[in-house]
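> Heads up: the protein sequence lines correspond to chains A and B, in order.
Sequential numbering from 1 applies to the first sequence in the numbering used here.
Sequential numbering from 1 applies to the second sequence in the numbering used here.
Cβ-Cβ distance ranges computed for the label pairs, FRET-style:
(1) A:M1 <-> B:R329: 17 to 27 Å
(2) A:K77 <-> B:W336: 13 to 23 Å
(3) A:A61 <-> B:Q126: 24 to 34 Å
The calculated BS3-like cross-link candidates involving lysine-lysine, where the alpha carbons are at most 27 Å apart (straight line), are:
(4) B:K356 <-> B:K30
(5) A:K50 <-> B:K225
(6) A:K77 <-> B:K65
These stretches of chain A come out as covered by chain B in the derived footprint (C-beta under 8 Å, 3 or more residues):
(7) 32–46
(8) 50–60
(9) 64–77
These are calculated hints, taken from the structure and not from any lab test.
The model shown is predicted, which means the values in this text are computed figures rather than measured ones.
Cβ coordinates follow ideal geometry from the N, Cα and C atoms, glycine included.
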Amino acid sequence: MLLIECPWCGERDESEFSYAGEAHIARPLETEKLSDEEWANYLFLRKNIKGLHREQWNHAAGCRRYFNVERNTVSYKISGSYKIGEQGPVGDDT
Amino acid sequence: MSKYSIFSLARNAMSFHQNWEKVWRSPEPKKQYDVIIVGGGGHGLATAYYLAKEHGIKNIAVLEKGWIGGGNTGRNTTIVRSNYLWDESAHLYEKAMKLWEGLSQDLNYNVMFSQRGVYNLGHNLQDMRDIERRVNANRLNGIDGYVVGPEEIKRAIPALNVDAGCRYPVLGASFQPRAGVARHDAVAWGFARGADQHGVDIIQNCEVTAIRQENGEVTGVETSKGTILAKKVGVVVAGHCSVLADMAGFRMPIESHPLQALVSEPIKPVLDTVVMSNAVHGYVSQSDKGDLVIGAGIDSYTGYGQRGSFSGIEHTVAAIIEMFPIFSRVRMNRQWGGIVDTTPDACPIIGNTPVKGLYFNCGWGTGGFKATPGSGWVFAHNIATGAPHELNAAFGLDRFTSGFLIDEHGAAGVAH
Chain A
1 MLLIECPWCG ERDESEFSYA GEAHIARPLE TEKLSDEEWA NYLFLRKNIK
51 GLHREQWNHA AGCRRYFNVE RNTVSYKISG SYKIGEQGPV GDDT
Chain B
1 MSKYSIFSLA RNAMSFHQNW EKVWRSPEPK KQYDVIIVGG GGHGLATAYY
51 LAKEHGIKNI AVLEKGWIGG GNTGRNTTIV RSNYLWDESA HLYEKAMKLW
101 EGLSQDLNYN VMFSQRGVYN LGHNLQDMRD IERRVNANRL NGIDGYVVGP
151 EEIKRAIPAL NVDAGCRYPV LGASFQPRAG VARHDAVAWG FARGADQHGV
201 DIIQNCEVTA IRQENGEVTG VETSKGTILA KKVGVVVAGH CSVLADMAGF
251 RMPIESHPLQ ALVSEPIKPV LDTVVMSNAV HGYVSQSDKG DLVIGAGIDS
301 YTGYGQRGSF SGIEHTVAAI IEMFPIFSRV RMNRQWGGIV DTTPDACPII
351 GNTPVKGLYF NCGWGTGGFK ATPGSGWVFA HNIATGAPHE LNAAFGLDRF
401 TSGFLIDEHG AAGVAH
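Only chain A is shown next, with the shape it has when bound in the complex (with noise of 0.2 Å):
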């Protein structure tokens, strides 16, 4: 079972959250020139990486803010919560 940091509310059971993708994809911003593969690149295109992985977070049961986690992906391990917009933390890769 995973504890989840909201950087709101603090530790809570990971049955309070629903996840939400991969972090830091930005939405691009002049959308009608796009090309089909700039699209596919943003709509589909993952980097599923096997170890450290910043991803989404929604706090769906408790403030149902978003906000970005750093965890590896093999361990499970969560090195550290950050609010949307912020840099976050450089974890190890253990």
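Chain A is fixed; fit chain B onto it per the hints.
Just chain B now, with coordinates in the frame of chain A:
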């Protein structure tokens, strides 16, 4: 290699079964092959088998980083069916179903394919509309199936709770009689034996660490057992396909998630078919040993850990108890997880890649086992000819650019 038969059984009984020959060799890798298959699961071994048998390419290596069938092939809940909604996937899975029906004879290896039928339950009006639509689509594609009501379901599965007063009442189901289960390990071993008989080298404990390329063409792979050269490389590594794609220098529309399953202690025969439900999110069958084989949905987050979350177990068991209250006192024996490679449209990616001579077969997500022979069949064609088989032409990587997605979330959903 001798053929398995009643006579070979009798002959070996004379020597107290001490002299059965090895089912496949364990050769050291050669310097060069015509084709390298990365991944020794069911799909990879089936690819090698059909490449050798149907396309006459015998100089093949199957590289497996662990042991064959030790990944998702040995971790699934063994359900086989072909009742998919859209034409593209229905044809692909039905090809697999037709191969399943003759597979034990073809391989001379008992894969214990048991066509005991699969029920997909509907619990509300929209479920039933979706089920009727899917069954009609299946029948138009020549796939068996019909819609059954609660009374018929109760007659077929007495242990199922169809009480109208329960939280998720059973309003009906789709039933595919030709669907069923197969023995997952036997599928890997049977294809390995068949491929080995055709001269394919199966190399276990050999991890691929890099993909060699020159001028946009693949030239071989670096492995933990040294460099192995080949002009054609087929990658069939399920949960790790993003890692292999990264080695080759491109990205995939794939996210790897943990999916877990569990089996109970063996009990007397209670369930002689397969029951699945998308709405309560669980599926169950009973193995020949008597254990209930239970599975459900993926963990929401990505992961390569080959283990599932505790909350996942809770959801799974809750769904099974909702359908079968009498299972509430059955103790669970084992629980495990695998890594499934999910795509945005719940359909596989089979075909060419940006690198010439490099082919990928992945993205089967939660439901790859049922497709094992069909997947190998089309992928072997793709590798041998360099162009997709008509059955996998729609499943190329380019569909994420063209927008021609095949949305199978309804039929793939929870039902693996």
